[in-house]
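Engineer: Take a look at the letters that make up each chain.
Number of protein chains: 2
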Amino acid sequence: MKLLHLPDFTNNIDNEKCAKFIMSKILTNRADDYAQWYNDIVLKSGLADYSAVRGCMVIKPHGYALWENMRDVLDKMFKDTGHQNAYFPLLIPKSFLSKEAAHVEGFAKECAVVTHYRLKNDPNGGGVIVDPEAKLEEELIIRPTSETIIWSTYKNWVQSYRDLPLLINQWANVMRWEMRTRLFLRTAEFLWQEGHTAHATKQEAVEETERMLEVYATFAEEYMAMPVIRGVKTANERFAGAEDTYCIEALMQDGKALQAGTSHFLGQNFAKAFDVKFSDKENKLDYVWATSWGVSTRLVGALVMAHSDDEGLVLPPRLAPLQVVIVPIYNKDEEARKRINDKLLALVKELKAKGIRVKLDDDDNNRPGWKFAEYELKGMPVRIALGARDLENNVAEVARRDTKEKVQLSLDGLAENIEKLLADIQSNMYQCALKYRDEHITKVDTWDEFVKVLEEKGGFISAHWDGTPETEEKIKQSTKATIRCIPLNNVQEEGKCILTGNPSKERVLFAIAY
Amino acid sequence: MKLLHLPDFTNNIDNEKCAKFIMSKILTNRADDYAQWYNDIVLKSGLADYSAVRGCMVIKPHGYALWENMRDVLDKMFKDTGHQNAYFPLLIPKSFLSKEAAHVEGFAKECAVVTHYRLKNDPNGGGVIVDPEAKLEEELIIRPTSETIIWSTYKNWVQSYRDLPLLINQWANVMRWEMRTRLFLRTAEFLWQEGHTAHATKQEAVEETERMLEVYATFAEEYMAMPVIRGVKTANERFAGAEDTYCIEALMQDGKALQAGTSHFLGQNFAKAFDVKFSDKENKLDYVWATSWGVSTRLVGALVMAHSDDEGLVLPPRLAPLQVVIVPIYNKDEEARKRINDKLLALVKELKAKGIRVKLDDDDNNRPGWKFAEYELKGMPVRIALGARDLENNVAEVARRDTKEKVQLSLDGLAENIEKLLADIQSNMYQCALKYRDEHITKVDTWDEFVKVLEEKGGFISAHWDGTPETEEKIKQSTKATIRCIPLNNVQEEGKCILTGNPSKERVLFAIAY
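Protein chains in written order, with the working numbering: chain L, 1 to 514; chain W, 515 to 1028.
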């Protein structure tokens, strides 16, 4: 993009034209090819890039800044609910994976395996080879999730009820050897957090599982501006080793669902697998109760797909790396330039004092039109432009990214109005996503309706199901739709399974999912 | 420790006795066995634990909180100097390591090697085995450092001088298969940051290398309260692939040196290895100039060894997870208990308003004496105790961890005085470490003196060296001492090499190092 030579636009209208001229060349339209639009936007807005390693991506500065903001907010929420961070090893002895039967069955197969610990110079010249003499006695697995290594450690940390609860979270990279990968949504390596807690009673562990689900739901709705449905997974979709998997499910703009976070009640399964017992107040020994819960860089993909448009990213102000960008529109008059700069520097100071993340882009190497396009592509919530004529009229042009509206606002009290505007954008993005989501929950009572809605409308389908894994599997095989969740506090009503006609006591939510 | 049953101490003097009683059982004395003291303190203060994976440790909550504080300060310093964070893949294709000749020669041998990507159920029963059909075509290495994978990516990001400089940092885990490991100081896996920058000119790259060394030195001195010597490595000790390695060197309490951070000027070596060229303003193609720089969780070990004592950790206030702990001393009088609590809650509020990290420990399950010992072990800079009699006298007992002094301070203006005390502790810790360090830089001019000082006193030895790698290697072989650095702005003076008697133009700093 930097190589494009554009005419020297010096007023806002022409800059707009210029921006559109550039944009039109950048992204595939969502309507034409949603998957391609997604890839385009991730690559071209600077969120991520492909890497030389199959299935692994590079998270570029703009994408990483977004993830950092997510991490910081979540981290504070975890600490406010009593959790501490720690760090456990990347590598897990192979034998650990077999210790919890359901876990190894459902999980542990597609893993990166470390077999050697040394390279040596190739005696035939040309680089290095694996030293056959440096073979590990037991292979090590790059963690796909850390229950096993963490519970092998908790065994040494827990003896008495006084050591409980253990409320620990880890920010880490994990690896699952996925065959088909997509930037952020499904990559071999990804970044995440995983909470692993240990409790003296079942009730405490269940409460923790539910508390952390609510933390995730609050984060998704209040920060990502992304409404979610809180629910419980069916046995088929449960985490391998869990007794219950709670989840939050979001809807993307193409009508597909996306699991945005999970919180697992693990019962005593891992405590039994790793022999973690505690003595209670009566000195009686029992196994510890466990939970685990996680969200990952997948949320960046969800954020993109929930809000963005054919012009580029649309980022919610509470997570956007920059909330306000200011573009001065200079003409040849050096005096005017100085007046514009003085005004804008004062504005930057006011905005920063309010805790607003703001950048004044006075770089002369790029024209205003190029900047407009760039910041639109990158999803900055608010753009302010100020030229000499604006200054004379005591106004600035303020453009909001979500609705693409532009207004002239008085320079008097501008910082306060920008602060309000950011709150309004955050709220509007949530309301728009909520409206779309609610319009895409469809009740159906027959198989024909189910198939028709799935094909023509997408979204969540609320339907009766007979409660058996076999029926669930048949529906998945014939339509690719899965049960996303049984919503919490679900209405109980008599009905008939859409596939088998067998009796059902509640509706569940189906969708095609990422 | 929680199982010890102690008499019910109800005044400060007895609590002190109690604390000493506990402490005496906890740590090996430094004078008796420094290495054992270090291991004891790391394990027992809750910084880290061993793991089930050879050479890898678990960073426990107290240790991780310390690392988080270090990370947050450094991260801000990096951003303030114009850097952005990004994230590159954990795994590196084996062939990449061979692309930069010096890099592979000096570096890449002791690595964890991924050869397979799937496990399968053992057909003979009992767990999982590596699936022989899932062998990678090219082995992947867990990053020991990321120059190669990053420069293979930069190739796609840099075309023109407009794309430069690239100022990128990464927070990540890395792995080097060390044969002898020590908690924090040398572990197979460790956490670190690695900056990787690309520049249009040699001068800019050298300036960046020096700028980041100064960032590290400032961090070590102003936050860790640990004086460092800024210098340049000799060719022997240079990073594999660098043209110059700058370093900061600190002195531990046992007289050994510790390399606390390095900043490398990489010349055009990696640009040439990965063919990263840019066109300058005159449209002429040239290779990009590079730097890389890093510090790691090793700094946690350095912090422990620079300041701590036989009673436990001594943490500098600017990095301590908690700066102030408050222990109420209750008696049987419920009324008095309430008055104490009201006073302390008000104090907590005042301290928090000043941005001080404070905890009121009113847990009735542990006695004051146990708490005193625990917080002393964990290195909390300031401890405040308040009992009924103190309250009547309008004073609190304030103990500072660094000097172990205890004073009665008036409750009037206590928050202000605590704030001043924290600043004083930070400054005092630096001054003490500086005094020790300066007393342990010894000028010697003969080989006998050199050996004698090394054996009897330790510390840095400032001596003449003839400038050859051979002499340096001989000295290392016979004494284990290495040249830690050639100090920046070193005095130029004529002299004779302590080993060969050959002429020398400046002194260099030798030491036995971690």
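Because the hints were derived from the structure by calculation, they are not lab data.
Treat the hints loosely; a few may be bogus.
To be verified - Estimated spans, in silico, between C-beta atoms of each pair: (1) N638(W) to K505(L): 42 to 48 Å; (2) S674(W) to K332(L): 24 to 30 Å; (3) D768(W) to D363(L): 48 to 54 Å; (4) Q922(W) to G413(L): 49 to 55 Å; (5) A423(L) to D877(W): 57 to 63 Å; (6) N428(L) to P637(W): 54 to 60 Å; (7) N931(W) to K420(L): 39 to 45 Å; (8) G106(L) to Q598(W): 37 to 43 Å; (9) K590(W) to N490(L): 45 to 51 Å; (10) K79(L) to D877(W): 36 to 42 Å.
Just so it is clear, the structure is predicted and the values come from calculations on it, not from any experiment.
C-beta: ideal position from N, C-alpha, C; glycine also.
Engineer: Now tell me if each hint is right for this structure.
Structural biologist: Status of the hints after comparison with the structure:
1. N638(W) to K505(L): 42 to 48 Å: 45 Å, holds
2. S674(W) to K332(L): 24 to 30 Å: 27 Å, holds
3. D768(W) to D363(L): 48 to 54 Å: 52 Å, holds
4. Q922(W) to G413(L): 49 to 55 Å: 53 Å, holds
5. A423(L) to D877(W): 57 to 63 Å: 40 Å, violated
6. N428(L) to P637(W): 54 to 60 Å: 59 Å, holds
7. N931(W) to K420(L): 39 to 45 Å: 42 Å, holds
8. G106(L) to Q598(W): 37 to 43 Å: 39 Å, holds
9. K590(W) to N490(L): 45 to 51 Å: About 46 Å separates the Cβ atoms of K590(W) and N490(L), which means 45 to 51 Å holds.
10. K79(L) to D877(W): 36 to 42 Å: 19 Å, violated
When the structure is compared with the earlier hints, violations turn up for hints 5 and 10 and for no others.
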